[in-house]
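**Q** This is what each chain is made of:
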Amino acid sequence: GDSVTQMEGPVTLSEEAFLTINCTYTATGYPSLFWYVQYPGEGLQLLLKATKADDKGSNKGFEATYRKETTSFHLEKGSVQVSDSAVYFCALIYNQGGKLIFGQGTELSVKP
Amino acid sequence: DTGVSQDPRHKITKRGQNVTFRCDPISEHNRLYWYRQTLGQGPEFLTYFQNEAQLEKSRLLSDRFSAERPKGSFSTLEIQRTEQGDSAMYLCASRPPMRVGYGYTFGSGTRLTVV
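Chains as they are written, first to last, in our numbering: chain Z, 54 to 165; chain A, 1409 to 1523.
In case anyone wonders, no lab produced these hints; they're calculated from the structure. Just so it is clear, CB atoms sit at the ideal spot from N, CA and C, and this is done for glycine as well.
Quick list of in silico lysine to any residue cross-link-like pairs, SDA-like style, CA-CA up to 20 Å:
id : chain 1 : residue 1 : chain 2 : residue 2
1  : Z       : K105      : Z       : T123
2  : A       : K1465     : Z       : G151
3  : A       : K1465     : Z       : D55
4  : A       : K1465     : Z       : S56
5  : A       : K1479     : A       : F1429
6  : Z       : K121      : Z       : A106
7  : Z       : K130      : Z       : T77
8  : A       : K1419     : Z       : E95
9  : Z       : K113      : Z       : L161
10 : Z       : K164      : Z       : E69
11 : A       : K1419     : Z       : P93
12 : A       : K1419     : Z       : G96
13 : Z       : K130      : Z       : E69
14 : A       : K1465     : Z       : G54
15 : A       : K1465     : Z       : Y147
16 : Z       : K164      : Z       : P93
17 : Z       : K121      : Z       : T79
18 : Z       : K164      : Z       : A70
19 : A       : K1419     : Z       : G94
20 : Z       : K113      : Z       : T73
21 : Z       : K113      : A       : T1513
22 : Z       : K105      : Z       : G82
23 : Z       : K130      : Z       : S162
24 : Z       : K105      : Z       : E129
25 : A       : K1465     : A       : K1479
26 : Z       : K121      : Z       : N75
Here's a subset of chain A near chain Z, in silico, CB distances under 8 Å, partners left out:
id : residue
27 : Y1441
28 : Q1449
29 : F1453
30 : Y1456
31 : E1464
32 : Y1512
33 : F1514
34 : G1515
35 : S1516
36 : G1517
The shape of chain A in the complex, shown without the other chains (with noise of 0.2 Å):
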C-alpha cells in the first residue's frame, strides 16, 4: 500500500492554458475525492466517485473543470482555460467501501501556480 499518489506535485502555467492531474488511490478503495485548497483555508469538496460514477460536483465546479475516473482506478481533473483565481493546492483523497464515520487518505497533493 503506497497510499494516495499525485502528480505532478506542482504545475506552473500560464492564464488561458489547461491543465491535466492525475490522482492513483489506494487500491481497494472505491471512493475517490477532489478538494481545492486556498491558502490559509480548509480543503474545499469539488467532486467525487464511487468506482467510475461521479456521484455529486460542487457548484465550485465551473464548466471549465472536468474529471474523470476511467475503470473506476485512477481519476485525472482536467481545469480548460486557466484563470489566476485557480491556482490553488488540489488535493485527492481515497476511502474504502462502507466504512461509516472512517477518515479518509489524502494524497500530497498538486500546487498550481497560474501566472
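Extracted from the complex, chain Z is given alone in its bound form (with noise of 0.2 Å):
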C-alpha cells in the first residue's frame, strides 16, 4: 500500500545551519505531496504542497520540490531559526478525497 518514510530524528542544528530532511514515498499513480510541521503542544499545521512532479512548495523560507523520478520530496531551508524547532511530517493523498498518509515524522532542534 501507499507509505511515507521520513530520516530519523531528532536533528539538531545551529541557527542559521541548513536544513534537509528527507522523505521519500511509495504510491501507485501520482499522490499530491505535503509538509506539516507540529510546535510543541500545538495541532498540525500545513506547511506546503505539491500536487504535481516538479512542483515547487515554498512557505516561510522552507522548500520541497516534487520529485517523481525519485519518489522524492526533501524538505529543505536555508538558515533555520530556534523558532522553526518543531516536528515535521511528510504526507501525501493519493486520491481526491481520501486520507492523508503520514511519515513517522522528524524532530528538529535549534541551538542559538
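Build the complex: two chains, separate frames, hints provided.
**A** Below is the structure:
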C-alpha cells in the first residue's frame, strides 16, 4: 500500500545552519505531497504542498520539490531559526477526498 | 472561522471505562477525518465522513470504536471498554469539498490517557 518514509530524528542544528529532511514515498499513481509541522503543544499545520511532478512548494523559507523519478519530497531551508524547532511530517494523498498518509515525523531542534 | 475544535483537550480514564470525544469542523467543510497519533509516530488514519456518511474505516478501528456525524456537522468518536493501548492523541481534521491536492485543517487533538 501507499507509504511515506522520513529520515529519523532528532535532528539538531545550530541557528542559521542549512536544513534537509529527507522524505520518500511509495504510491501507485501520482499523489499530492505535503509537509506538515507540529510545534510543541499545538496541532498539525500545513507547511507546504505540491500536487504534481516538478512542482515546488514553498512557505516561510522552507522548500520542497516533487521528484517523481526518485519518489522524493525532501524539505529544505537555507537558514534555520530557533523558532523552527518542531516535528515535521511528510504526507501524501493519493486520491481526491482520500486519507492523508503520514511519515513517522522528524523532530528538529535548533540551538542558538 | 474558528478552525477545527476538539473537546476535551485531555481525558484521563480508568481501563474499562467508555469515553467520547467531540470534533466541530469548519462549517463549510463537508469532509471530516479522525486520526490517532502515538508518541514518536505520525498520525494514523481511523475513519472519515463525507457529510453524514461514514465512507471509510481503517482496520485500526476495532469494534470498540465507533464514530458518528449526525446531520453532517460535528462528529463524535466513542471508545468502549478502554484499554491502555488506546492511550494516544486523537486528532480531527476537516477539508472543503472538491479541492484536489489541498491540505486539511487539523484540530489541536484530544489526549487520552488510560490508567
